[in-house]
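Participant: Place chain L on chain C using the hints.
Top to bottom, those sequences are chains C and L.
Per the numbering used here, the first sequence runs over residues 2 to 591.
Per the numbering used here, the second sequence runs over residues 2 to 591.
Watch out, some of these pointers could steer you wrong.
Any copy, or any two copies together, can satisfy a pair, since identical chains are not distinguished.
[Said to hold, decoys possible] Below, in silico cross-link-like pairs of lysine to any residue (SDA-like), each with a Cα-Cα straight-line distance of 20 Å or less: (1) K95 x F124; (2) K355 x N335; (3) K200 x A478; (4) K32 x D257.
No lab work stands behind these hints, which were simulated from the structure alone.
Protein chains: 2
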Amino acid sequence: MNKIVLAQIDTIAGNIKINAKKIINCIEKAKENNADLIIFPELALMGYPFGDIFIRHKSIIERQLKALDEIAAKTENITALVGFAEPTKDANKKPFYNSVAVLQNGKIINIVRKRLLPNYSEFNDYRYFEPSDCVSQILELNGERYGILVCEDSFNDKSFFKEECIYDVDPVAELMKQNPTTLINCSCSPSRTGKEYIKNALFSSIARKYGVNYIYVNQAGYADNLSFDGTSRIYNKNGELDLRAKSFEEDFVITDNLTGIINELPVGMQKKVEVQNFNLDYTSDLDRTYKSIVFGIQEYFRKNGFKKAVLGLSGGLDSSICAVLLADALGKENVWGISMPSRITSSESKNDAKILAENLGIHFFEVPLAEGIDAVKSLLNFAFSNVDTEKYEKSTTIENLQARLRATILWSVSNEHKQMLPIATSDKSEAYIGYATVNGDMSGGFAPIADVTKTKLFALGDFLNENREQKNAIPQAILEKPPGAELKINPKTGKTVCAEEENMPYEFLDEIIWFVENCGYGFEDLMEHKFYYETKNCLTIEQKEEWIRKYFWKSKCAVYKWHIIPPSVVVDMHSINSVEYRQPIISCVY
Amino acid sequence: MNKIVLAQIDTIAGNIKINAKKIINCIEKAKENNADLIIFPELALMGYPFGDIFIRHKSIIERQLKALDEIAAKTENITALVGFAEPTKDANKKPFYNSVAVLQNGKIINIVRKRLLPNYSEFNDYRYFEPSDCVSQILELNGERYGILVCEDSFNDKSFFKEECIYDVDPVAELMKQNPTTLINCSCSPSRTGKEYIKNALFSSIARKYGVNYIYVNQAGYADNLSFDGTSRIYNKNGELDLRAKSFEEDFVITDNLTGIINELPVGMQKKVEVQNFNLDYTSDLDRTYKSIVFGIQEYFRKNGFKKAVLGLSGGLDSSICAVLLADALGKENVWGISMPSRITSSESKNDAKILAENLGIHFFEVPLAEGIDAVKSLLNFAFSNVDTEKYEKSTTIENLQARLRATILWSVSNEHKQMLPIATSDKSEAYIGYATVNGDMSGGFAPIADVTKTKLFALGDFLNENREQKNAIPQAILEKPPGAELKINPKTGKTVCAEEENMPYEFLDEIIWFVENCGYGFEDLMEHKFYYETKNCLTIEQKEEWIRKYFWKSKCAVYKWHIIPPSVVVDMHSINSVEYRQPIISCVY
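Next up, chain C with everything else stripped away, as it sits in the complex:
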């Protein structure tokens, strides 16, 4: 049996020098360990996702080919599978094939090209790649026959996906005609809600169906709003998981019998997999959500040369969760939490923010805003007809002004401190209905929770309090009070207006979002849909219709804001992050 290395590396798009060096280092290490074969992820040498960079920076292409030769030269007594963007050199074709070079004893002995080019969701393969014209995908090595696949080529199994197959051809079925004993899948597959369960069941079923071993090598890293989780693995001929590399971390796994360490499995996932439906509830996705965001923060900061973060701490849910994620990602000493109370901020909120910061051990400052707001307000007198009236004080203008002044302070602090980024704390539920302020809470150098809905954030809060080494870092009050930006007072109650009064219950809103994102529900579908909220609350048909209409109206007006969300981490299976979903601002969906 061959000794094999799964080289689950992290790359940077276009940074050929760094990527090549990392690949060569791995090959050297594999040779030291007398490995026969080392496998890298899809597009490892070019780095992925690379967007349009090569269109305007053509020299990258030459540099990549030169580097591939240099890597090949290092493959004496070893075989390496290295993903790269292979120029088609034909003006009538797309610029590249998405290829895996088979390097052996100093030479490129074969090139395997990707056949299925995904062009949905975050994938734009067809913008850059020609489909494979199908050369041999078999690598023979010491009596073993390895069948090489590139990512999507393994995602069209007709017995698994049935009527959901989106391509005619199944490259695995075709490849099996060449009698491989082991399949190898080189991938760049970002982590999304539920995807791990699908991949696990799919790969296992392919191994079992064809009676072959299945080796999956995935990139670990973050770029362009996507967290790639690595989690490379091997299934045996019975479809059993025999090896599982680290998640959200680079890894270098050596195996001489296709088995090894199985790193921590997600909730509900079994070593022996039968094809099954996973009804994902929050519980089974919280750990992944946490890891995926923490990893995204670490990678974004590191790769862009930042070390510290500053965020506003309101004593509310969003900023509290962000503070925990940042502290865990960057270290408590690198996080600055600033409480910026205005005249209407409650003493409870101020107190909760402070306790949270103390619990986490992050830097904490309190900066009362009142005088700053007054000064800016006085600059605005020229533009207002109703200055000095109660209406003025309660206007959207003054609400937003507070949020914008807070962001201005955060950006100023980040300007003054080297390698520090301000953090946008707004969440996905708010993004959908535009309930976040431009240049305010949705402004920042990074937006950790922009793809997490409010109800999931509440669950995540409980999860973090239970599962972090330090228990209950988030004060219980924060997890219990109704969300609200504390930007204005309800004259009837004398208290700050909570968000659900202005919009609708988050539980209801988040269920709309889920069905729009995952099932393409329109107005009629939603009206017919029995909401979970309805099973627990008395809801008139008029109220239901009002909320659904409000959702459509508010989300129509919010599209502009979706286009300017700061860098973030796509967490859910679907998102409004522009890396995945693009809705023109001028459009009508309802």
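Facilitator: Same frame as chain C, now just chain L:
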């Protein structure tokens, strides 16, 4: 000969009701005029560009098909060509064909599908469409044979594009085998620098080459950062332009002999076209640039329900040009110019801003910022080790604070006034090197000049002063002084630092930008390139290298800002607007 209508309409993506009503109104009007044939643009019924909206809003698809039947019912005694997104109804295929329905006497008598699916630049056809499986593209009508093409299908003529053809097949050549007497091209083609000249030469050469009439019907409108210029036209069998509809405006042109009014031709364009190279300089593109932006502003505001704009007037070039464009687009009564001088703003700048506003007749206010800045500064003391030092006063923090406070004021004013948008005044040269402030001058609800370089803006200033009805609206001083944000003082000169001191001459920078965008130049190419700046100035090789390296370094750090540019108008043939070009923030191109 048939009486033909070119229905150059403006549509809204997904707004089936409005689009269908407009199409039906045009058909009714055509029938009143006894027309035989009416031609609409590509995807007229669905509206274009529609991005991903149908993926999450599936009911749009059904509504579109229903509307198509309703439109067909209106075609007694007339034939209508209506572009629509035709569902493939096959899970193994992309969701749609990009089709033109041939409607006649109440029925859909044929459907012509697009063969060539562009997937470069702003086009993402392959994300949504299957290529045509080639049914008949001929419409026979009263003895004439019309060959129907959809946009890109006419853009692969091998004798015209030669080695730049990007597809194997030329659908026009294939279609000609069916002996049409007239070609009809239904398009959605956005306006870009130089594109009009290419289209004119291409269509003319096709008409001449095959000895057929050529009818081109293009959408007029704006969406998703793209201005569609309309400018539908007809060429005769000799390749001569015989009819030219309005540009950047809807039009309804009736012709009974394929000739008619030829609306204003751009500089250098002839009625009789030979294939030619157009060396576009600024002069021949300024009028189009102006119209394209003004149209974009009008459409964006109208379609989103806004009427008024507020912008900061610094007395500099960028804000002055924006003020003129806004006044012309929205009417002077709908534009608010706010001068917001800080302590270091020169009296000249204040004065220039005021004169400009008076010339244009827009609303004008002067709001001295000093006290507001002081108040916010005092809130920041907690974060700074060097408060009360000279260094603090001159820090980037304080520079940016001024810009951010200005934007806060503009957003506040827009909040307070109904249907008002704040304007981002930063330009393309600044965007490339990140010389614009997040939440400051690059923040707004619309960014009119985000795709216009500084040198082109100077030329545009002269052009506007000469060619607008009101001459010399922009004070000459604004067009002559060196650009600079007036955010800090140079201690040596005692004057505010101008931008070229901090960066490099704009003429040099803009030439880099041009060659990167249009020719994919890298570092070595630029070092070898003889800059126009070099022909006029003494430039050492060290200085040249320093500037080029500075460009690459600064643009690498600026990528984050490219992702959050507000809605704008793509003007040049290439852009950094994300509708066209996407570079991951984590990437390396140099």
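Participant: So which hints don't hold here, by number, going up?
Facilitator: 3
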